[in-house]
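Protein chains in written order, with the numbering used here: chain A, 1 to 194; chain B, 1 to 194.
One or more hints might be untrue.
Just so you know, same-sequence chains aren't split out, so a pair can sit in one copy or run between any two.
In the BS3-like style, the derived pairs of lysine-lysine whose C-alpha atoms are separated by at most 25 Å in a straight line are [stated by the list, open to error]:
1) K98 - K25
2) K123 - K96
3) K25 - K86
4) K123 - K158
5) K112 - K86
6) K25 - K96
7) K158 - K96
8) K158 - K98
Keep in mind the hints are simulated off the structure, nothing from the lab.
Since we're looking at a predicted model, the values are computed, not measured.
There are 2 protein chains.
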Amino acid sequence: MPYIDVDKNLPGIRSLMAFRPETAKPLSDLAEALLRDNTGLSRAERELIATYVSYLNDCFYCHNSHGELAVCYLDGNRELVDAVRKDYRNADISEKLKALLQIAGKVQQGGKSVLPENIENAKRHQATDRDIHDTVLIAAAFCMFNRYVDGLASTAPKDMSSYPLRAKQVAENGYGPHIYSTAQPQASSEEIHA
Amino acid sequence: MPYIDVDKNLPGIRSLMAFRPETAKPLSDLAEALLRDNTGLSRAERELIATYVSYLNDCFYCHNSHGELAVCYLDGNRELVDAVRKDYRNADISEKLKALLQIAGKVQQGGKSVLPENIENAKRHQATDRDIHDTVLIAAAFCMFNRYVDGLASTAPKDMSSYPLRAKQVAENGYGPHIYSTAQPQASSEEIHA
Numbered sequence: 001m002p003y004i005d006v007d008k009n010l011p012g013i014r015s016l017m018a019f020r021p022e023t024a025k026p027l028s029d030l031a032e033a034l035l036r037d038n039t040g041l042s043r044a045e046r047e048l049i050a051t052y053v054s055y056l057n058d059c060f061y062c063h064n065s066h067g068e069l070a071v072c073y074l075d076g077n078r079e080l081v082d083a084v085r086k087d088y089r090n091a092d093i094s095e096k097l098k099a100l101l102q103i104a105g106k107v108q109q110g111g112k113s114v115l116p117e118n119i120e121n122a123k124r125h126q127a128t129d130r131d132i133h134d135t136v137l138i139a140a141a142f143c144m145f146n147r148y149v150d151g152l153a154s155t156a157p158k159d160m161s162s163y164p165l166r167a168k169q170v171a172e173n174g175y176g177p178h179i180y181s182t183a184q185p186q187a188s189s190e191e192i193h194a
Numbered sequence: 001m002p003y004i005d006v007d008k009n010l011p012g013i014r015s016l017m018a019f020r021p022e023t024a025k026p027l028s029d030l031a032e033a034l035l036r037d038n039t040g041l042s043r044a045e046r047e048l049i050a051t052y053v054s055y056l057n058d059c060f061y062c063h064n065s066h067g068e069l070a071v072c073y074l075d076g077n078r079e080l081v082d083a084v085r086k087d088y089r090n091a092d093i094s095e096k097l098k099a100l101l102q103i104a105g106k107v108q109q110g111g112k113s114v115l116p117e118n119i120e121n122a123k124r125h126q127a128t129d130r131d132i133h134d135t136v137l138i139a140a141a142f143c144m145f146n147r148y149v150d151g152l153a154s155t156a157p158k159d160m161s162s163y164p165l166r167a168k169q170v171a172e173n174g175y176g177p178h179i180y181s182t183a184q185p186q187a188s189s190e191e192i193h194a
């Protein structure tokens, strides 16, 4: 059960955003700028980085929500998303993305865990400064989102069929204010604290 | 030396924000909404939470920048800010703020480290749901900002007299776009990687 009095019809971060719209706006703007951009890194690659970091942080709601976004952008290839979660080094992705996921994993541990050799490795595989910037900020941002979601014990739908539905909405409409509007499809009444 | 090619005349997060204005805008809007609000928690209390989390994350640039903001709002009481950094339990602050700093410290470890008894303790000391929400989100946001700053090895001025100067600017003008404009006062040429 959430630690504060939020709308129980909204899942995860959406309930927290509805509770405090003043901070919801910059949070959703940040997600939009970081995850919907297609320069250098594709939307699928950005969501894979978000999913991987959320998985490392053991944030059930976030790694499932963003994992489903990645599945959407990868034309339904859920196996690839699972492979990135569990063992990206052996997943069927580019060497550049592997090098960036290594950096993301370091950021998850702490900023100072990122070493010059991790950056050199990414650059050797054609990562640009902007790719590296965006990877570090996506990973850092999910260290925030994950802590926000779980630190307030927000609820995560247990009904796994709700995640692809919401992912489709975000893939089509972005991370705008609709994601924390109570007018959107409601979460399952059966919820778990993830 | 920073891992990406940023403006060397800007310190810490300001150099990263100038590199990528699309993400700088929501990041500074988030800081403005969370740290300049005065409802429930004062600006000084908000900056103390930010400073404490940045200190736990060993982010030299952030804990000094936000520590100086707190000093500003506390009419120069640097001893109190140092006391909160090092041993808040024995600092001359309210029991409510101590309970919220305990929650912030848990968030720094991870979202799931926050336990029901930590929340009950804060409520017992008159913390509202909004106070708890803002504490968790400030702590989570600094787990992002700290990782962003150190994960890209941005530079932190070694000249400690520059921190109070920049803090005064932010106290007066907020976290607007001026904080990453190159037209603002420049960092010391002597810099360290913090």
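**Request:** Give me the numbers of the hints this structure contradicts, sorted from smallest to largest.
**Result:** Numbers 1, 3, 4, 6, 7 and 8 - these are the hints that the structure violates, sorted from lowest upward.
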